[in-house]
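Trainee: Take these sequences, add in the hints, and give me the full structure.
In case it helps, my numbering puts the sequence shown at residues -8 to 1977.
Check before you lean on any hint, since a few could be wrong.
What the hints assert, rightly or not - Pairwise CB distance ranges, derived in the manner of DEER restraints: (1) Gln1098 x Thr1659: 53 to 63 Å; (2) Val1669 x Gly795: 39 to 49 Å; (3) Ala475 x Arg232: 51 to 61 Å; (4) Ala1427 x Leu1740: 25 to 35 Å.
Bear in mind the hints are in silico, worked out from the structure with no lab data behind them.
Here a beta-carbon is modelled for each residue, glycine too, at the ideal position from N, C-alpha and C.
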Amino acid sequence: MSSWLGGLGSGLGQSLGQVSGSLSSFTGQISTFTKDMLLEGVEEVGDAATELHVSNSKLAEVEASFATQKSEYDRLRKLHAELEEKLEASEIQNKRQSAEYRTLLQQKDVEISHLKARQSGLQEEVQKLQQSAQSASVGTAVLPVTTTSSTTTSSSASSYLSRPSGANQGFHGDEMDLSDVIWSQQEINRLSTEVMRLEAEVAHWRRMSQASTAAGAGNGDQGEILKLQRTIKELREEMSREVDEHQHELTALQDAQRQKMADITRRHREELAEYEERIEELEEQIQSGGQTSSSSDASKLPELQKSIRSLQEVAEQREKQLAELSASLEEAQKKQAELQVEKDEAQEENAGLLQNYMRLQASVAELQTRVQEQEGKAVQKAQLDHEIQVLRQNLTAAEKEIERLKNQTEAEPKEEVEHADILELNTIIGVLRQEKEVLEQEKCNLQERLKVAEEQIVSNNGADSGESESLEDLRVELERREKALRATEEERDTLMSELEELDRQNQEATQHMISVKEQLSGQLREVEAELTRLTAELNTTKDQKRTLEQEVETQKEKVSQSAFNLNDLHMGKQQLERTAKELKDKLGHAQEQSREARREITELKKALQEKEERLSAAKAQLDQAGERGTEAQGTIEELARKERELSDLRTDLDEMRSSQEKVMSADYELKMENRRLKVESEEALGKVEELTKQMKESQAALNRTVREKDTRIEALKLEKNQLDGELRQSEKTVAEQTKQYQQTIEELTRARSMDASALQMEHERAIKLNQEKDLEIAQLKRDVEQLASDHRDTNEMLSITVAGQKQLTDLLQEKDVFMDTLKQNAADLQAEMENSISVATKEAEALRQALEDKDKQLGGMKEENSHLKEEIDRLRDQQSRPQPLAEPRTLDIITELETEITQLKSSRNGLEEEVQTLRRTMEEQQASLLRSHESLQAQQSELEQAHARHQQTTLNYDTLIHARDEEIARLQQTVDRLSVSQGRADSPPVQGEVILQEDKTQTLNQENGNEKHDLSKVEIEKLVRGIKEKETEISQLNEKNLSLTKQLDQLVVSRDEVGKLSQMILQKDLEIQALHARVSMGGGGGHSQDIMFLQQQVQAYAVEREQVLAVLNEKTRENSQLRSDYHRLMDIMAGKEAALLKLQQENQRLSNMSDPSGSHEMFKETIQNLSRIIREKDIEIDALTQKCQTLVTVLQSSGGESGPGSGGVSSNQFEELLQERDTLKQQVKKMEEWKQQVITTVKNMQHESAQLQEELIKLQGQVSADSDCSSKLSVDYARLIQSYEQKERRLGNLSQELAQVQQTITQLSSTKDVLLGKLDSVAQTPEVVAAQSSESSLSADAPSHQTASPVHNEKLPEELGRLRGQLAEKENMIRTLQENNHRLSNSASASENEQRSQAEEVRQIRERLDAQQRSVREKDLLIKTKGDQLIQVSEALRNRENDNEVLKQAVTNLKERALILEMDVKKLKEENELVAARSREKESEFRALQETNMQVSLLLREKEFELSAMSEKAATVERMLKDKEQGKSGELNQLLNELKSMQEKAVAFQQERDQVMMALKQKQMETTAVQTELQHMRDKEQRLNLELERLRNHLLEIEDSYTREALAAEDRETELRRRVAMLDEKLATSSNAVENASQQATMQVESLQEQLSGVVKQRDEALVQLRTSQEQVNQYAVSLSNLQMVLEQFQQEEKAMYSAELEKHKREKEEWRRKAVNLEDQASALQMNLDEANAALDSASRLTDQLDLKEEQIEELKKQVDVRQEMLEEAQRKLMNLLNSTEGKIDKVLMRNLFLGYFHTPKTKRADVLRLMGSVLGLSREDVDKMLEEDGRHGVTGWMSSLLGGRGAQSVPNTPQRPTSGQGLNSSFSEMFVKFLEMESTPTLPAPRLPVHDIKPLSAPPSRRTGSAASSTTAGAAAASKRAGESNPFLAPRSAAVPLLAGSSSGGSGGHLLMKPISDALPSFTPVPVSAEASAGAVLKDLLKQ
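Mentor: Listed below in structure tokens is the structure:
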């Protein structure tokens, strides 16, 4: 339901958006229609004044309608938004209600199932009673057999079902099944598209191979071909996998379908069995009642048989329904067959693809051969490489598309499932109704039968009283159960009715929306009809335009004739230039005349301009006269006359033009100008009167000639450009010739050494060439001269045109000056207006204050009156009563108010306390944050301290090493001196002990540092917990805020009560006023004492009232204070929450310092920026619409001011504005493109974040490996320390032994003569031993140090072993030395020479000892360095672990952020759709504005045409006056003045129209504001209907008014024509009327001038608006640039982040490199020491030592190989264990399919199925055959039937036929199966391998089906363990044995697992034969195919 409502809501939203768009276009069309009607009126009206009034009125109406429609549009848009919000709310409500109803339905189903179970128990008791009754009677033994059989069938059916379900349960799987079918169809479609893609790729490759064979370009790389082959293999594997997956899906779908049909049939069988049981129970009751009955019972037997028949008929109906269901099953099977056919087709396509691949392989083989043949062609190879890259890119693109399609397919089924939910509900409702009706019918029948049975029982009451009592008890129970059933049915009916109401509401909503749509579509059609009519009118106007263009072409022909005249003028000009030389003498006279002529020329120019205007007016009248018949003939005659006059006056015009041209060229040649001016003055004096007649035509001709001149000038410019090009070419040719000449000269200089004959020949040739070149140069010079002459002509032409342009610029400058004056006037007027407005506002404020004072006085008077009335009433009451009672109401009110005040104060105190608690919590949180910061700082300080300690330890080590060096030097000195120094020898071990103590203290310090580090981890965890607690506190604070809002609402209620009290007080005041009036009316003199008493009481009451009012004021003030406090508290809370959020963000930032994926916040910020940009775009569009409106007003005002003279300027402005609009459009497009780019960058960043997450996972793996290494290193370090201590001890021993050796050496002096030979031999042996030992130790050190860095962990123990060996060797040496000493002491007879030789040997021994000590020191240093490295590594490991924890937290945060981002993306998509709809609306509005602009421009042009017509009419009147009264020049001047005044009048009229337009717009704005305020008060639904009706009526009224106005315009036109005739007559008769008209015109001109000033003000305001809009545009541009800068900053920050991380990595790399370099340096130093030591040794010992070294290295390598081998073996063992553990397991889905297949196969082939199951379970065929034989002895189906029987026995007691056999079989098989499972769980031999590793999970199952792997396995195991004792595990309920629901989210939509596609949780298996036996494989294949 929710999904359906959601879809409906989205559809409604779209339709409403379309409706709003159509409304906007509709308003635009209305405006165009009104303006077209205006244009029609304009064309038809002739008189200027009336036409202006008509146009003003029409414009006012049109703009009023436009304003109303705009307000309507705004209101409708708001309504639309509100309706959308309502729709969303209703959708949410519907979803919630549907969820509640579903839960209720599930509860009711459960209750029904419980009731049915209890009913079945009661029925069993009834059956037992019946059986006991049957044992008594023998005659009725036939019927119980049927009952027992029926009960067995029902029990078996009900027991086999998974759970006793209501009618609802069977259809829960439908939604999943339907969605799975649709999903499988989509998967098939996707595969077919993939197959098409692959075929296209194959075709492309084939084309490539053909092209390569054709071009011989088959030499690609061998590696590329291998890659292609690999891709082909991978694609084949993927195809085979997908085929297997689809086979699995098909088998799963078939199993699901079968199981569904089985469930449906079982359900129907259950219902039939229940009804049959009821019938049998009733029959047995009747029979038990009829045992003692007489023959009357026999007469009632046929009635019972009839009832049984009726029930059998009902059963037959049920069977028919079953048949229908089976037919539906067959249809589903047909659909499955169709799906199978589609699958086969897909397989065929796959086979075709495989063939294509084979062909591809063949083509690839051919390519290989060609590659081997043509390896030399490297260019084509590069081409092939490029093509391969292109193909790879295409492959990646295709894979991305496939992923996108998969995502789409995942997203699509959800909507279909939701529709399926709705259909399911409808079907369930229908089924429930049918079942209810059937049950009610059966209940009625049973009640009738019960009544009959009761009558029988009453008659036979004496016989069987005990049975009747039991029957009555059973009836009571039955009635109780029926009541419960009725209650459940009533609840179900209520639920159904509620569902139906919901559906009805939805249908009503949809119908309402459809009706609204239909109404709007009808309006659209009407508007389209109007549009067609308007287009027809447009076509007519276009035809008229064409006719006008034809007339224009005729005029152009005339212009060409005048051009010929111009040529004649040019000829005359040349003649005049010749004559100019003769007339130099008469210059002086001519100068004076030229001045006069200039004055006359200026006057003539003015006249010319006037004539120009008249000419243009005449042209416009001619155009209009083309439509009218009568006036056209006169104009044609005038044209003919003009042409005749033209022909007469051409000669005069020639002279005039020559004079004008001379005037123009006066700047260049003054003398020539003077002569020309002289000629002009002579001719002008004679022909002034003629020129006045002719100037009109001459000016028109001049304009045409000017145009032609412009065209000719352009042509001349083009020619000039061409000539320039030719000149350049000629210059190039000249340059080339010069180059050639230079070359020839150089050749001549070279050829000087040649012969004279050759020189002569060359000279002749050169002379010929020179002659030819001279000829060419002469020709070029001629061409250049011609070009120069042409250039001069063009310059002269240009100078002439420039002079004309100068005049035009002068005119323009004058107009600009006039404009500036107008602007100044406007500014002055504005200032005056502002002053007047300020004065008026001040006056208005004063008046308002006065009014307020008056109101206050009035209120006071009213209060006094009410007081007096109250006093009078009280006085009367006192007079009537002897003891007056005071009214306690005021006191009650005060008490109530006081209680309210106390309540409010208490609430305020509570709020304040809560605020204080909140503040405390905030302070505590801040303090905890500060503590966390402090702890972080402490950790940092501890880290720094650890670093400092590390440095100190290194310094200590250095000092110790120096001390050791000093001690060694001392030892050497002692050895040299050969003095007994035991004290000095004893000193080193003491120091060694000190060193050990220091080392131990350092290690302890380091351990303490590690503990502190761990403590810092604990503190961080505490901080995280504290943050979580703070979040819970924030949620509590939010709840408190909600409670505060509730209290505030209560305060609002109390305020309402205060308002009621104030109303009561006002009523009392009114009563007092009435009393006061009565007192004033009936005040007598006798009541003066009473009046005084009453006055005192009144005063007291007034005091009380003031007190009450003061209390009320205090209450209101307290209420407002509380409200403000609440708002303040809310603000404080918001600030605190924001601060908390900031602190949390800082914490996250601190924890995520090493988190590289901080780009999600960037995504959010970019998305916010995008939304901000979109909002700014909307604002820009609104600003542009306002700008267009202001431009329209500006155009109107400028058209009014400039008049006919400056029409071009306004058009230019309009063109500039259009250009600005185009540029703005381009900017909008650019911004949209930029937005798309930003979206793409956001997507790219998301992809990058995914990659970063993968990198994070890799880093975690690396860190774990490093942690393992560090643990090993720490162990090795501990061992090294122990070995170091042992070595130090041994060193002390060695020093002691050294002292002993020195003593023995002193004794050797006595024994030197005896054993010379012995001494020699003994000396040689210790030397060799010592040398070998030292050499071996040193040589062992070198490689170990060299290889220490790569194999650090393995070498440390080996080094320790070596050191121990060396120490043992040293001990052996010492022992040998001691023996030698003893021998030497025995041989005490030796000479002093031998003592010297002995001393030298001793020195050698000392040197060797020194070398050994050095090596020992070096090893100590090495050990220390290694220890330092270990410490560093351990610290790095701890850092890595911390980073790991941080990264884990970051990963969780990233997952949450990803979810949030997905939600944001969805929201953004919705916002984008909304934005797109808004942009469409804006575009439609923009188009409407464009249309209005065009229409306004057309209006302006037509107005100009009308003005020209008016001027032409005035010209005709003038002509007629001239014809009639030529002598009257004064009257002519008057007429000219009148014409001018008329023109000014027309301009003023235009200005007045514009002013009226502006005023109308202002009034419309005010009216729209008032309307919107009124309309918001109305109801919204009524407003919609009323607005639609009003729009229709408004349209009809507008059309009627337009038709009326058109008729009125026609009437006016006729009247105007009649008036024109009358005016002509009047003009002919008298000119007095003209004078009167001129006076009136002057009056009107004054009034119009006043209006002009107002219009100028308005125009200035419009200009100010324009400037502001331009400033806004600039601001928007600035904001855009700022946004771009912000984006660039973001990108730079990202780059900086990445660069910082890169730098970190680089630093780490550099540190490691430095360490490696240091190690290498140490190794090199050691090598140097070794080399020095080796130099002392002999070459033979060197070779042997090197051999030993090699052997040791080989041994070490062997050890490494052994270690690696052990690692490999461990990995293999783990793999084998994994394989054994996975191979020994059997898939539940496969076992379920086999189990279901057993029931679906015919009984003859079931043995094959069992054999197959045995082969799957690993049983041998012989055991299976034996079991089948034993089973065959027991029965046909054996254990299956027993299982079913045993299962049935749990729910219903078994039949009396076989009470115990089934149970025994059940237990035996379960035990066997448990034993079998135990046997199989212990892996002995690998079972038949199922292809688990080769099978992939399905690529894209729907998202809701995954995620239940662990739960399913655990639940299944638990359920199996629970039910093992109870029943067979195969027949456990589905929910227990295998959890088949994968987390049903909506609750209640449970279904079988096979209803879903095979998810990742359950591994799927290909239908492959499991064992080697062919029969089992064939059977399994048949099963899967079925």
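Trainee: Against each hint, give a clear statement of whether it holds in the structure.
Mentor: Now for the hints, and whether the structure bears them out:
1. For the pair Gln1098 and Thr1659, the beta carbons lie near 56 Å from each other, so the given range of 53 to 63 Å is met.
2. Between Val1669 and Gly795 the Cβ separation comes to about 45 Å, which falls inside the hinted range of 39 to 49 Å.
3. Range check, Ala475 to Arg232: Cβ separation about 56 Å, and the 51 to 61 Å hint holds.
4. At about 33 Å, the CB distance of Ala1427 to Leu1740 agrees with the hint of 25 to 35 Å.
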